[in-house]
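Undergrad: In case you want the letters, here they are:
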Amino acid sequence: MWLFDEIVKFHITELEGQVNHMKYSYYPGCTLKTKAKELDRYGRLSAAKLGAELEEIENWQCCGAVYPQAEDEIATKLSAVRTLDAAKQKDQELVTLCSACHHVLKRVNDDMKNNEYVRTRANNYLKLDVPYEGETSVIHYLEMLRDRIGFDTLKAAVVNPLKGVKIAAYYGCLLLRPSGVMAFDDPENPTIIEDFIKAIGATPIKYSQRNECCGGYIAMEDKGAAQKRVDVILSSAKNAGADLIITACPLCMYNLDANATESVLPVKYFTELLADALGVKEED
Amino acid sequence: MSLTNTVTAEDLIRISGVDPSKCMQCGKCSGACPSYDEMEYHPHQFVAMVRKGQIEKLMASDAIYQCLSCFACLERCPRNVEPAKLIEAVRVAVIRQQGMNHMTANDIPEKLDEKLPQQAIVSAMRKYSK
Ligand code: SF4
Ligand code: SF4
Ligand code: SF4
Ligand code: SF4
Chain A
6 MWLFDEIVKF HITELEGQVN HMKYSYYPGC TLKTKAKELD RYGRLSAAKL GAELEEIENW
66 QCCGAVYPQA EDEIATKLSA VRTLDAAKQK DQELVTLCSA CHHVLKRVND DMKNNEYVRT
126 RANNYLKLDV PYEGETSVIH YLEMLRDRIG FDTLKAAVVN PLKGVKIAAY YGCLLLRPSG
186 VMAFDDPENP TIIEDFIKAI GATPIKYSQR NECCGGYIAM EDKGAAQKRV DVILSSAKNA
246 GADLIITACP LCMYNLDANA TESVLPVKYF TELLADALGV KEED
Chain B
77 MSLTNTVTAE DLIRISGVDP SKCMQCGKCS GACPSYDEME YHPHQFVAMV RKGQIEKLMA
137 SDAIYQCLSC FACLERCPRN VEPAKLIEAV RVAVIRQQGM NHMTANDIPE KLDEKLPQQA
197 IVSAMRKYSK
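Those protein sequence lines, which keep their order, are chains A and B.
Here my numbering = 1-based position in the first sequence + 5.
Here my numbering = 1-based position in the second sequence + 76.
So that you can see chain A by itself, here it is in the shape it has in the complex (with noise of 0.2 Å):
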């Protein structure tokens, strides 16, 4: 009787450890709140049908946006470290969902853990209680899917296949490189986003330029430039015969569509298409 309650309890607390690992410390970013709201949104509703409670960050502060990789940035790097360590306080993994955000905070905490000088000085500035030493996890909404929920759990969730459409998938920059530090998959051959197609019942479609930049940070600065990157991409996509292209990137998307000058492909959020085969699109 004895060793079987051990057992129980043993499973129990098992149990309780799964349950709370579908608990995750959540972090938008800024541009999910402004022009971007429909990938947070759908993001948000799929991941609550799949049972993956994002808890945003209180009080987050934008992440900058670029990685600052001069070795002697500091200031520019605390906001990422405050984030990262609000989800350590919290004991949670932190998904993030913008490939710039996912990025930097990847990054950030990569140097918290073994950027020596980074991480001395930045712990001088903020004076935590306990130092942050790159103690959390960062995944994207990719990874959660693949790694945490699975794609075969995903298969099963979808209610609405989108069978027949051609999706093409487009990494970037951002998600893939530096692979050492992003370990997102293999950076010249990806097949996270390819896989997720599929599991939400379209079929992904291959093409050369999926994961070369957009250029979509100088497309401020010259326009020109970004264009002709854009239009690389959009007809490598539109040769290989896909209907659309998904990104996670809220400036890919920006760029993609606003840059484009002659094959005009219809760019989406892959959460969008993530709520939609959940059937939970319509809904909020």
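Keep in mind the hints are simulated off the structure, nothing from the lab.
Note that this is a predicted model, so its numbers are computed, not measured.
Be aware that a few hints might be false.
Unchecked claim - The calculated label-pair distances, taken between Cβ atoms and stated as ranges, are:
# : chain 1 : residue 1 : chain 2 : residue 2 : range
1 : B       : G107      : A       : D77       : 28 to 34 Å
2 : B       : P154      : A       : A80       : 30 to 36 Å
3 : B       : A85       : A       : R153      : 44 to 50 Å
4 : B       : M100      : A       : T158      : 28 to 34 Å
To be verified - Calculated pairs, BS3-like style, for lysine-lysine (alpha carbon to alpha carbon, straight line, at most 25 Å):
# : chain 1 : residue 1 : chain 2 : residue 2
5 : B       : K206      : A       : K42
6 : A       : K243      : B       : K191
7 : A       : K171      : A       : K243
8 : B       : K191      : A       : K228
9 : A       : K228      : B       : K206
To be verified - A few chain A residues that face chain B, going by a derived Cβ cut-off under 10 Å, partial list only:
#  : residue
10 : Y130
11 : K160
12 : V163
We treat Cβ as the ideally placed atom computed from N, Cα and C, and that holds for glycine.
Given chain A's structure and the hints, the job is docking chain B with the ligands onto it.
TA: Below, chain B with the ligands without anything else, positioned relative to chain A:
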């Protein structure tokens, strides 16, 4: 522009954390660069020129604003030289100088369009000004 003279190769090496002597000038980074046609100097040239101490030319070149920070050069370099970091270090060395901001808040309104996401503005300010 007289201040330009004060930036040395050692400064750039320190700011970037890049060791240009690891480079074997294979050109793979430049072959991968989506901004190749737009850049006066290409990623492998940045590495070679820092090595040779030709800093002024780099600091005066528009190439530092044409880099897309896509990290293709960094990812594909067989020697892990990370040219993107060196290019950013040159840009940072320029905009840290007084009055050398490449873009300021006053430049933003004329560039705005209705759909432009915050992230484009925030990132442009961060990349082009101090
Ligand atoms: S990356 Fe963009 S959307 Fe994300 S928080 Fe930073 S600026 Fe805002
Ligand atoms: S240009 Fe597009 S793909 Fe490249 S980093 Fe920027 S948003 Fe990402
Ligand atoms: S790829 Fe690396 S080793 Fe080759 S030229 Fe570029 S920086 Fe040098
Ligand atoms: S990071 Fe800059 S230099 Fe390197 S490949 Fe991209 S655009 Fe070219």
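Undergrad: For which of the previously enumerated hints does the structure constitute a violation, in increasing order of number?
TA: Result: hints 4, 5, 10, 11 and 12 break, sorted rising.
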